[in-house]
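Colleague: Residues per chain are reported as follows:
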Amino acid sequence: MSKLTGAQILLRMLKEEGVDTIFGYPGGVVLDIYDELARTDLKHILVRHEQGAVHAADAYARASGKVGVCLVTSGPGATNTVTGIATANMDSIPIVVITGQVPTKLIGNDAFQEVDIVGITRPCTKHNYLVKDVKDLAKTIKEAFHIARSGRPGPVLIDLPKDVSISKTSFKLPDDVQLRSYNPTYVPNRKQLLKVVDMIKKAKKPLIFSGGGVILSRAHKELAELAKKNKIPVTSTLMGLGGFSGMDPLWLGMLGMHGTYRANMSVSECDLMIAVGVRFDDRVTGKTDEFAPYAKIVQIDIDPTSIQKNIQVHVPVVGDCKISLELLNQMIDHEDMGELKPEHQQWLDRIDNWKKTTPQVYDQTDVIKPQYVIEKLFELTKGEAIITTEVGQNQMWAAQYYHFTQPGQFISSGGLGTMGFGLPAAVGAQVAAPDKLVVDIAGDGSIQMNIQEMATAVQYNLPVKVVILNNGFLGMVRQWQQLFYDKCYSSTKFQHTPDFVKLAEAYGAVGLRATKPEEVEKVLKEGIVCKKAVIMDFVVEPEECVYPMVPAGAPISKMLLV
Amino acid sequence: MTKKHILSILVDNEPGVLSRIAGLFSGRGYNIDSLCVAETAEPFVSRITMVTKGDSMILEQIKKQVNKIINVIKVTDLTDQEFVERELVLLKVNAKAEHRAEILRITDIFRGQVVDVGQEHFTINIIGDTDKITAILTLLKPFGIREIARTGCIAMFRENKSKS
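Sequence order for the protein chains is V and L. Be aware that the first sequence starts at 201, since it is given in the numbering used here, and climbs by one per residue. Be aware that the second sequence starts at 2, since it is given in the numbering used here, and climbs by one per residue.
Source of the hints: derived by calculation from the structure; they are not laboratory data. Small disclaimer: the values here were computed from a predicted structure and weren't measured. Some hints could be false.
Stated by the list, open to error - Mimicking EDC-like on lysine to aspartate or glutamate, the simulated pairs with C-alpha atoms at most 20 Å apart in a straight line are:
id, chain 1, residue 1, chain 2, residue 2
1, V, Lys339, L, Asp78
2, V, Lys342, L, Asp13
3, V, Lys509, L, Asp56
4, L, Lys75, L, Glu15
5, V, Lys339, L, Asp13
6, V, Lys725, V, Glu743
7, V, Lys509, L, Asp78
8, L, Lys75, V, Asp503
9, L, Lys65, V, Asp503
10, L, Lys69, V, Asp310
11, L, Lys65, V, Asp481
12, V, Lys332, L, Asp13
13, V, Lys335, L, Asp78
14, V, Lys342, L, Glu61
15, V, Lys332, L, Glu15
16, L, Lys64, V, Asp503
17, V, Lys509, L, Glu61
Stated by the list, open to error - If you want the ones that stay clear, here's a sample from chain V, every Cβ over 12 Å from chain L, calculated:
id, residue
18, Arg248
19, Lys266
20, Arg322
21, Cys324
22, His327
23, Arg380
24, His544
25, Lys569
26, Lys582
27, Pro698
28, Val701
29, Gly711
30, Pro751
Don't be surprised by glycine CBs; every beta carbon is placed ideally from N, CA and C.
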């Protein structure tokens, strides 16, 4: 049997797991891995900051459905990944992060670039490992990938001391992973599903509430079947956008703090809520006591901890979203569901009426409205672009005014709300989908948090488009100050912002700017057809707010509309 | 309603596992009254016996969250079931000449043992469930307890008698 070094085993196992791309940044203790890497055909994307590597791997996973991988050095290299790991953890994204570590003999000695990254990331990973013996390495990597991608997915970190990557051992492919302490439930309990069938049959005002779980398990077809066959309107969380077609007549738009009027009102009036792959985040529920007050709630989720955490549900179903919906659809097929009840038709009419009376609108003036930029972007890209976002107003307008039709099309930091996510995410998504148009919808605040990744985009000829909705403010925080803090704009006005057009050019990208509404379309068209990375700077209305808005802690039926 | 629960948790006997569980409790603001960890008959498995408090919704979350930790093999809530519970306590109590007989009598009633004697103190070893430990501590308090070391509670199911 041939003997391999730890570095060789690592790269071999990555190939075995189907990895073809790594996002990373080299350093002292990972030199041996990088030396081996140069001799493989694995593609390595050299980012400009380790946080960028994790976000890129994360978006690569979201866009492709595969596990994203990143490789960084010890100490600061490792700590720089923490925000990215926490982001992936909150959104249940499968990534494997490999950090170098000082040699095992030096661990605990405060060695140069030593940090206890396993200790630091314990609360923000699904699981993590410190590999102390090269003999355990192959098995650990296999386990890490298995844990990252199965059940409710999540980030897994492997800390690899330098001596382990150098020492040799005889290599044998590890057996399939068997963990007695980890066996996610994929197939739900049939009896629970029977109850759901019965509830659908009896419901007069049913509603489907879908979330990130539908995207992660790619259950969009099954979800569409359930909704269309039974004429059940669908709303979703931010993370669930793209799980149901944003162009379908049954689509209500997003719910929650910045949800549509009809989505929030439907939640507040429905008599049956089928929640699929959601975790009832506070940005969705508003005041929990008054969330869906008239509804019997069914919750389908692979993670039992998501059930009964924030909201008491009537019928919990533990299982994979795709398998559960597939079984549910089959059961409904074998059941006489009866004619569509008149009350059910009235319910659909009532929702339609909300759409007419209280649509999503904004005032067009002679200043560029951020909503208009996104509407135009949607129109010009025919709704087919992959959209990544930063966090704040830009993210909410993207969610409201771009209508998504495919899972993996909307890539955003939902749970953690990480500013600086969008640009590295666009890089990762573009690597995963080289033929797609990838657009980062950004604000002038968050784009500056990882702007260095423009260099990565340019180096690898990744033609990502950055649409900056430039209002000169940290817009969402300013919106709260405007509405709830008597317009005391404490530290939310940028006194100085770089010239984004020149900045783009300095990076070797293309910079464009629009300052008037009539320039928007031209700039977007020019940016979209350009084969290079582009920053488009839209100078927008400085004090525009995102509406509807539910004030924090209020019931979601109590929206500020303008 | 907040209630005391004894959880018996089987985990992989690996470094860092206790930290995962303790971290979960501190991170989510759950309560740990006592915690006891040791190897089981299987060398790769440890048992953690934990006493915690919370209402039924919190307890359900605690059990699910603990179960979700990859290294946790099984979580059982012994509360509301038939179980035996023991804790070992070492306590050093002031024992002046006039009180020595009384202290020894109390120790005897509780089937404790004196494991160390000095001019003015006894060190007593007591084993029992929470009620028994509380009772003897109350009785010995007036003499002046200098120090206490408690193991925390360990517990096990009673086998179903009708079956055996």
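Colleague: Against each hint, give a clear statement of whether it holds in the structure.
Modeller: Against the structure, the hints come out as follows:
A C-alpha spacing of about 33 Å is found between lysine 339 of chain V and aspartate 78 of chain L, which places the hinted pair above 20 Å, so the restraint is violated. A threshold of 20 Å between alpha carbons decides the hint, and for lysine 342 of chain V with aspartate 13 of chain L the separation of about 18 Å falls inside it, so the pair holds. Distance hint between lysine 509 of chain V and aspartate 56 of chain L is fulfilled; the C-alpha atoms sit about 13 Å from each other, no more than 20 Å. Distance restraint check for lysine 75 of chain L and glutamate 15 of chain L: the Cα-Cα separation of roughly 15 Å lies within the 20 Å cut-off, and the hinted pair is therefore satisfied.
Between lysine 339 of chain V and aspartate 13 of chain L, the direct Cα distance comes to roughly 16 Å. Compliance with the 20 Å bound is thereby established for this hinted pair. The hinted pair formed by lysine 725 of chain V and glutamate 743 of chain V fails the criterion: a straight-line CA distance of about 26 Å is larger than 20 Å. Our distance criterion of 20 Å between C-alpha atoms is met by lysine 509 of chain V and aspartate 78 of chain L, whose separation comes to about 19 Å. This hinted pair checks out: lysine 75 of chain L and aspartate 503 of chain V have alpha carbons roughly 16 Å apart, not beyond 20 Å.
Between lysine 65 of chain L and aspartate 503 of chain V the alpha-carbon distance is near 9 Å, which keeps this suggested pair within the 20 Å criterion. Restraint check for lysine 69 of chain L and aspartate 310 of chain V: not satisfied, since their Cα atoms lie roughly 32 Å apart, outside the 20 Å limit. Distance restraint check for lysine 65 of chain L and aspartate 481 of chain V: the Cα-Cα separation of roughly 18 Å lies within the 20 Å cut-off, and the hinted pair is therefore satisfied. This hinted pair checks out: lysine 332 of chain V and aspartate 13 of chain L have alpha carbons roughly 17 Å apart, not beyond 20 Å.
Distance restraint check for lysine 335 of chain V and aspartate 78 of chain L: the Cα-Cα separation of roughly 37 Å exceeds the 20 Å cut-off, and the hinted pair is therefore not satisfied. At most 20 Å may separate the alpha-carbon atoms for a hinted pair to count; lysine 342 of chain V and glutamate 61 of chain L exceed this at roughly 32 Å. For the given pair, lysine 332 of chain V sits about 12 Å from glutamate 15 of chain L by alpha-carbon distance, which is consistent with the 20 Å threshold. A distance of roughly 13 Å separates the Cα atoms of lysine 64 of chain L and aspartate 503 of chain V; the hinted pair therefore holds under the 20 Å criterion.
Using a Cα cut-off of 20 Å, the hinted pair lysine 509 of chain V and glutamate 61 of chain L holds, with the two alpha carbons roughly 9 Å apart. Every CB of chain L lies more than 12 Å from the CB of arginine 248 of chain V, the least distance being 32 Å, so the non-interface label holds. The beta carbon of lysine 266 of chain V is kept farther than 12 Å from every beta carbon of chain L, the shortest such distance being approximately 21 Å. Consistency note on arginine 322 of chain V: stated as away from chain L, yet its beta-carbon is not over 12 Å from all of that chain's, at 6 Å minimum.
Listed as a non-interface residue, cysteine 324 of chain V fails to keep its Cβ farther than 12 Å from every Cβ of chain L; the least gap is roughly 10 Å. At roughly 4 Å, the least C-beta separation between histidine 327 of chain V and chain L is not larger than 12 Å, which violates its mark as non-interface. Arginine 380 of chain V, annotated as away from the interface, has a beta carbon of chain L within 12 Å; the closest lies near 6 Å. Residue placement check: histidine 544 of chain V keeps its beta carbon more than 12 Å from all beta carbons of chain L (closest about 33 Å).
Separation of lysine 569 of chain V from chain L is adequate, the least Cβ-Cβ distance of about 42 Å exceeding the 12 Å criterion. The non-interface label for lysine 582 of chain V is consistent with chain L: the shortest C-beta to C-beta separation is roughly 42 Å, beyond 12 Å. The beta carbon of proline 698 of chain V is kept farther than 12 Å from every beta carbon of chain L, the shortest such distance being approximately 38 Å. The beta carbon of valine 701 of chain V is kept farther than 12 Å from every beta carbon of chain L, the shortest such distance being approximately 44 Å.
Chain L leaves glycine 711 of chain V outside its interface by the beta-carbon criterion, the shortest separation being 44 Å against a cut-off of 12 Å. Proline 751 of chain V, annotated as away from the interface, keeps every beta carbon of chain L farther than 12 Å; the closest lies near 25 Å.
Consistency with the previously given hints fails for numbers 1, 6, 10, 13, 14, 20, 21, 22, 23, ordered from lowest to highest.
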